[in-house]
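Undergrad: Residue strings, one per chain:
Number of protein chains: 6
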Amino acid sequence: MAATKQLMDYAVDEAVDAFVLLKSADVRTAKNGKQYIALVFEDRSGEISGKYWDASPEDIENYVAGIVVHLQGKRENYQTHPQIKIFHLRLTTVGEPDDPNQYIEKAPMSRADMEDYINQTVFEITQPTWNRLVRKLLAEYQEAFFTFPAAKTNHHAFQGGLAFHTISILKLAHSVVKQYPDLNAPLLFAGAILHDLGKTIELSGPKSTTYTLAGNLVGHIVLIDGELVRACEPLKLDPQAEDVLLLRHMILSHHGLLEYGSPVRPALREADVLHQLDELDASIMMLDTVVEHTAPGEFSERVFAMDGRRFYRPSEPKPKES
Amino acid sequence: MAATKQLMDYAVDEAVDAFVLLKSADVRTAKNGKQYIALVFEDRSGEISGKYWDASPEDIENYVAGIVVHLQGKRENYQTHPQIKIFHLRLTTVGEPDDPNQYIEKAPMSRADMEDYINQTVFEITQPTWNRLVRKLLAEYQEAFFTFPAAKTNHHAFQGGLAFHTISILKLAHSVVKQYPDLNAPLLFAGAILHDLGKTIELSGPKSTTYTLAGNLVGHIVLIDGELVRACEPLKLDPQAEDVLLLRHMILSHHGLLEYGSPVRPALREADVLHQLDELDASIMMLDTVVEHTAPGEFSERVFAMDGRRFYRPSEPKPKES
Amino acid sequence: MAATKQLMDYAVDEAVDAFVLLKSADVRTAKNGKQYIALVFEDRSGEISGKYWDASPEDIENYVAGIVVHLQGKRENYQTHPQIKIFHLRLTTVGEPDDPNQYIEKAPMSRADMEDYINQTVFEITQPTWNRLVRKLLAEYQEAFFTFPAAKTNHHAFQGGLAFHTISILKLAHSVVKQYPDLNAPLLFAGAILHDLGKTIELSGPKSTTYTLAGNLVGHIVLIDGELVRACEPLKLDPQAEDVLLLRHMILSHHGLLEYGSPVRPALREADVLHQLDELDASIMMLDTVVEHTAPGEFSERVFAMDGRRFYRPSEPKPKES
Amino acid sequence: MAATKQLMDYAVDEAVDAFVLLKSADVRTAKNGKQYIALVFEDRSGEISGKYWDASPEDIENYVAGIVVHLQGKRENYQTHPQIKIFHLRLTTVGEPDDPNQYIEKAPMSRADMEDYINQTVFEITQPTWNRLVRKLLAEYQEAFFTFPAAKTNHHAFQGGLAFHTISILKLAHSVVKQYPDLNAPLLFAGAILHDLGKTIELSGPKSTTYTLAGNLVGHIVLIDGELVRACEPLKLDPQAEDVLLLRHMILSHHGLLEYGSPVRPALREADVLHQLDELDASIMMLDTVVEHTAPGEFSERVFAMDGRRFYRPSEPKPKES
Amino acid sequence: MAATKQLMDYAVDEAVDAFVLLKSADVRTAKNGKQYIALVFEDRSGEISGKYWDASPEDIENYVAGIVVHLQGKRENYQTHPQIKIFHLRLTTVGEPDDPNQYIEKAPMSRADMEDYINQTVFEITQPTWNRLVRKLLAEYQEAFFTFPAAKTNHHAFQGGLAFHTISILKLAHSVVKQYPDLNAPLLFAGAILHDLGKTIELSGPKSTTYTLAGNLVGHIVLIDGELVRACEPLKLDPQAEDVLLLRHMILSHHGLLEYGSPVRPALREADVLHQLDELDASIMMLDTVVEHTAPGEFSERVFAMDGRRFYRPSEPKPKES
Amino acid sequence: MAATKQLMDYAVDEAVDAFVLLKSADVRTAKNGKQYIALVFEDRSGEISGKYWDASPEDIENYVAGIVVHLQGKRENYQTHPQIKIFHLRLTTVGEPDDPNQYIEKAPMSRADMEDYINQTVFEITQPTWNRLVRKLLAEYQEAFFTFPAAKTNHHAFQGGLAFHTISILKLAHSVVKQYPDLNAPLLFAGAILHDLGKTIELSGPKSTTYTLAGNLVGHIVLIDGELVRACEPLKLDPQAEDVLLLRHMILSHHGLLEYGSPVRPALREADVLHQLDELDASIMMLDTVVEHTAPGEFSERVFAMDGRRFYRPSEPKPKES
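Protein chains in written order, with this note's numbering: chain A, 2 to 323; chain B, 2 to 323; chain C, 2 to 323; chain D, 2 to 323; chain E, 2 to 323; chain F, 2 to 323.
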């Protein structure tokens, strides 16, 4: 794949000719009564949408999420939003690339490196209760933790995104505890590792991610709290002991506000810090993508997850570091 | 106790001479630098506050929460709020009544009757998963369920208040499912019984009730969800099976709004109904007390738990029923 | 009509062949510049929408609200929302059913039964002022009260819906006053009967219901208050006497919050209860419809009148009652 | 009274020796258990509060609202709020001034002038329905309209304040209709005259003003709407005719927002303008008083009716007009 | 142009045949995949939109904002919103009118008259610091001040609108200071003249108005504050002297609420009045346009800048003035 | 000072005997009419309040803010808030410590170290415009920048707090740009250094800090923007050039929300990050103080600057780092 031009590399109005993955394919009815397919194309550089007009029943049967296709078209902007105008689309033939895994966006860190980083941090959780609970829950949800995205959309919505997001927070947390030594580092690290682990139950998996019934009716915050309580049994821990309650509180309060789904607001310094670091990493990741998709000297489209704000990409490139 | 006049029976400006329980006794410093004790007197008819000025160190040692005392004073109104102006206060002597249990406000239904009603309703939970979970959790928390108040203040803040409040909701629920037969009665009943059971962990007990650390850091909604998940283990139930999730959702969403501490909003008809019946019973109980403490033809003080509204007690008594 | 399959009975993808009423017919321009008619079909089982593409001027003249037509098509889902894909539409011919009244959704209780129930309740209003005001206003608006819907859309939007909604509240009110005997039953019943009577002035009538100018500029709450004041004159009542003010307050405060159009918030126990019962009945009626239109194991579309929440219909049918 | 120094004329720390009216006198208990009287002194220049410590039962009987007393003390500031430190207080003796009416703050316009202005404006209401309704309601509430305050506190809380506030709005309205000739002047004038007339029912009267039961349970906005509907009967007007509805809407919407007690938001240009002129006059009147009570170069205390803002009084006097 | 029928004069369904200016021309893709141009036509009477379907590449090149075209079509209503159904559109030929300036909507007051009015008012600013700052900044931004619109859309969105809006406020201010003589007239006038002057930097110019980068990143309120500080240097004024701060505060607080972009809330009587007069003039101007575009007896579309309210145009014409 | 026990070292109920600084001394009237002085004692370890009852005129003259006094008393808790019960207070005599500077709380970093850190960071601002503006403004406000507190109360309310808070943010910023290399480091550093520099104009100085008139009427955000614009003149920079606008935007948007006084919301990635780092440092500093003042196993009082939340101090000390 090395030499091939990636989806995100095409300039506006440039012709596109590439193998890409169909990330999603929704059949809709146009206002003229005919059907079209709203497609999202993906490769390792990112994703971009396009509309396949006047779709025949056969097209609808062929072009479904999860397969690799050959795409010819043009990179355009639709209301400052990038899209592909499709000229020609076809299934791959024998000998052409057809492995979806080669086209899925992944975390910019290998799984092995991520596992190392997490294991290293677990050693730093020197309080035995927290250490045991973290080990136990990580062991149970290990596979999903290292492959699931951190969200359906918005930020870290790629394979391995959940672990990558967790590690980004842990890196920030390491800087913070160094700068503010009164903070309880083991508590902050344990909370950071578990805070989003419930997403492995809330979301359906790394591909074509949707919400599960448990995700919709209970939510990842309370789901992982339930699993933590359940893990106390074999570890012979009292779920109402102070140290267990502190860790449960870290998880439960990490959305910061009741309106955002936390049943309690942060009442520990470390819980407040975890909430802030979570927001900091999520927003930078989101804005990196937003700014990258905006032309220099222009404002982005409204970013819904950032209160509908539009962000400016300066016309001048950023200065060289000293 | 039968012939004795009760605290709530005294009219404004009437002299008070009675044995009463000290429900709480907080030592404070007056603006002139001297200490006084802010007391709350209680008997089975209710509670009323009074201030014991210029308290000596000995007074402070004597007059503590939980003991029966002899009170002489006058029933007054302080800014439309009833209080006792204390003329004389003393400890009881030998032979005088001194059993605090005789002076504690209790639910207006005997424990036996409450147990009967709950047991009867459990029979109507015809879905096996919900029936087993309700039985298991009730068995574990039975003693507390029938003795704890439903809240520290506001409504049902008396011994047995938790079970009584639960039963009031169940009675309303029986009327509602009869009128709207599409509703899932067993789900509504199971949710109603468990919805506040977490208060047995959130609150410290039936007397001098305070919040526990678990109550402050986790909250009764998530505490009982955790216990429910734990109860699945011996019952060999999957906490993520649909029927278990439905019951968990009933509990988790019963505050109605995220801002009120529910991590999810009601997404089942029965969950929405449970939330509404909970509010209906709580508000009527609260307003009954408020109106009872207000003179005919007057507005009450602001009721904080009802958005600070003031309620009017009509000057005319309510008409006889036909 | 007995043997005919009703609109609500068709399964997804099932062919439809039926006589139905055109409830509404709005001519719109498609994005391709051509005109189409957005139709709503109705029979006694409910209503469902469909689009008639490429409408000729003659079609536009023919297919207007209020007539019976013959419809051939297919029951589909458009973004989880049911609709009819129209294959063929035609006017009825001689001998075919053409009486719109046979296809209008009606209250699930006969008018005679509704009148009986209301009359019965009026007897229970034992306070003379309230009894006379209720009789007088019911007499004046009787015809509209028993035929109007309770709203343009959302809940009880069918013929007789206003009286049916009022009766549902009265039934709940009867249960509540039995359970909480301190409540003033006659006041609650009188308030319940009058609370929405202003809708007979606010709305245009039982069919193709729209808002009147009086509805838009004054609103049903204040409209019925004005009529009540006017009714005092022949009854020789002082509109500022306490008992009249209590009843006016019941009506004026029944939306609960100023933001919802009540000029005063409930300041009587009975006013607060009326507000809550109004919401309880309206929300259950709305959700019954929503859930009925949702497939088992699926979430409904967002329900705007319930804060945009989506509701889940469990995949398992509800358990048999014991 | 001419030569006497007025209450508002005393500087901070200046000795006060004057006859003044007791506007209000509330008996309260100090934190040391003794009683004191919270007094408000008034004369035609305004009002100022003071505390009478260690009040004997005789003092409490003597110093009641509505009498003239002789006051000796010192003008002080308590947390930037002006007050009188009382040195000596006594009842008046024979021959000393004792007519409360000589000490009541009044509108800065004579009643005769106010009546003239209103009559003059009624002539400009050239639409017959509005003219007749305004005349009829003014005739009924004339005495109260020209003597009541416009509010219990905050702005225009003086005798004649209701009419004076109405006239201030009418003056602004005359300027506005001259500048924006598309506005319907007769509608704006009629609405302005009636907008607060319901205060004659909502408030108890010109002295020691409190809210009536009608004021608390219905409110001045709906009260005057009811009276307007009632006035239609003898005038043989239909309360649902367009011109009557326009006038009702002017009154009903004049608080601008539902949250402020209007059952409908302004839906007529003139209704929106009336709301804005009402706010403009009320806020200027309130701020004139606030700034007058603030020392040059200082910020006022928080003004609750203006969202708790503090207002600055510049240290330099305002420049001479050209 | 005198005899020609103007755009705003056409009735619904009337044939249109006129030379008009293209105010804006946005190319969009229809749901059928073809391109169309969303046009806004303008002449001195106002503006109206229309869609040019199935646009060829040549059409797209021809029909761009800023040129005069010949339009044939029909005046229609699309969801109560006026629009032109285009029958035929063509470029102008030699000899036909082609000067865009003849078709631009302008302030209803000549530039000379506006300059006179402003100059006259500057004389009334008798405080020397304010007078010098106003003169200095007006001199610098004179050309833009008299030609820019007051906003991109909503109100005063026409050439000269900024100066016209300023003058309207000044006229209201003159009435107000006459009625409330305690107000500091020179401060109010100086603040009114400068309050929106920053729009000359925030907006791109009188035609095809857009926001500049300075407008987006800083905003007109802070931009003019910066210019005022800069103007202090040559005038040898201290930007932190009290009189300069008062004027800066007038500008900075004129949006009234922090949520509306003012960094401080009004803390001077005159600042509060300026904010209210700004809203009064803006809302009347907006509603005059809204009502003019609404048929008698109908409600307008929702007006977004007025909280989405709809406004009613009475069916009866307004009465003659007396 | 080394061996002396510091104010923050005393346990509850321990006797206090120490020289301390009077940080503030407010004379108030008790409810019994006598005067007392509300004192705040300070030394380098922090501050604590106490009340001096029954103050004579001489006491009031003696005990004023800014002097060193000798204090004997007892460390108590008043509603979980620490205070000193004063037994004896006297002025210092000859030979006793009396230098206020020895008792003022200071930044935990020397001025020389802070200057070094800032100078070092300025070198990393490799974009010339930003570098020059930062140097110019730092040079102008240098003395105040290194001595002022960062706020009147809440966080960093000590001498040198402004520079120390700025440096804390810069340290966090260095970690963040290392972790997210797409961020524009020079812009983030320049914005961080200038973001609160306006506090040198908004606040009165390092001792007995109050708000200046400029602070109240303009606020520190806009004040420093004005100074930046003024600084452009001698540096021959255009205040509306893109690079200057980017830096102005960093300052103007750093409060994040309009409601918090920023006239614009962050529209640059770096501006959003600056806002978040500002909050992170401020909240950790505040909570460190809050938790330090709370007993192990207890909740703190409500922290107003953190939405009134209470924070828990775990009963167990935090675990040793690995």
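Source of the hints: derived by calculation from the structure; they are not laboratory data.
Cβ atoms here follow ideal geometry from the backbone N, Cα and C, with glycine treated the same way.
A couple of the hints might just be wrong.
Said to hold, decoys possible - Just a few of them, taken from the derived set where beta-carbon distance is under 10 Å, the chain F residues facing chain E: (1) Leu184; (2) Cys233; (3) Leu236; (4) Pro240; (5) His250; (6) Leu253; (7) Pro264; (8) Val265.
Said to hold, decoys possible - With a cut-off of at most 30 Å between alpha-carbon atoms, the simulated DSSO-like pairs for lysine-lysine come out as follows: (9) E:Lys172 - D:Lys179; (10) D:Lys86 - F:Lys86; (11) D:Lys35 - F:Lys52; (12) A:Lys319 - F:Lys319; (13) E:Lys321 - C:Lys52; (14) F:Lys107 - F:Lys237; (15) B:Lys52 - F:Lys107; (16) F:Lys52 - B:Lys52; (17) E:Lys86 - E:Lys75; (18) D:Lys75 - D:Lys179; (19) C:Lys237 - B:Lys321; (20) B:Lys6 - B:Lys75; (21) B:Lys86 - D:Lys52; (22) B:Lys179 - C:Lys237; (23) F:Lys319 - A:Lys237; (24) B:Lys153 - B:Lys6; (25) E:Lys52 - C:Lys35; (26) F:Lys137 - A:Lys321; (27) C:Lys6 - C:Lys52; (28) D:Lys172 - D:Lys208; (29) A:Lys153 - A:Lys86; (30) B:Lys86 - F:Lys35; (31) E:Lys52 - A:Lys52; (32) F:Lys75 - F:Lys107; (33) A:Lys6 - F:Lys179; (34) D:Lys319 - D:Lys6; (35) E:Lys208 - D:Lys172; (36) C:Lys137 - C:Lys237.
Undergrad: Tell me, in ascending order, the numbers of any earlier hints that this structure violates.
TA: 1, 3, 12, 13, 14, 15, 18, 22 and 35
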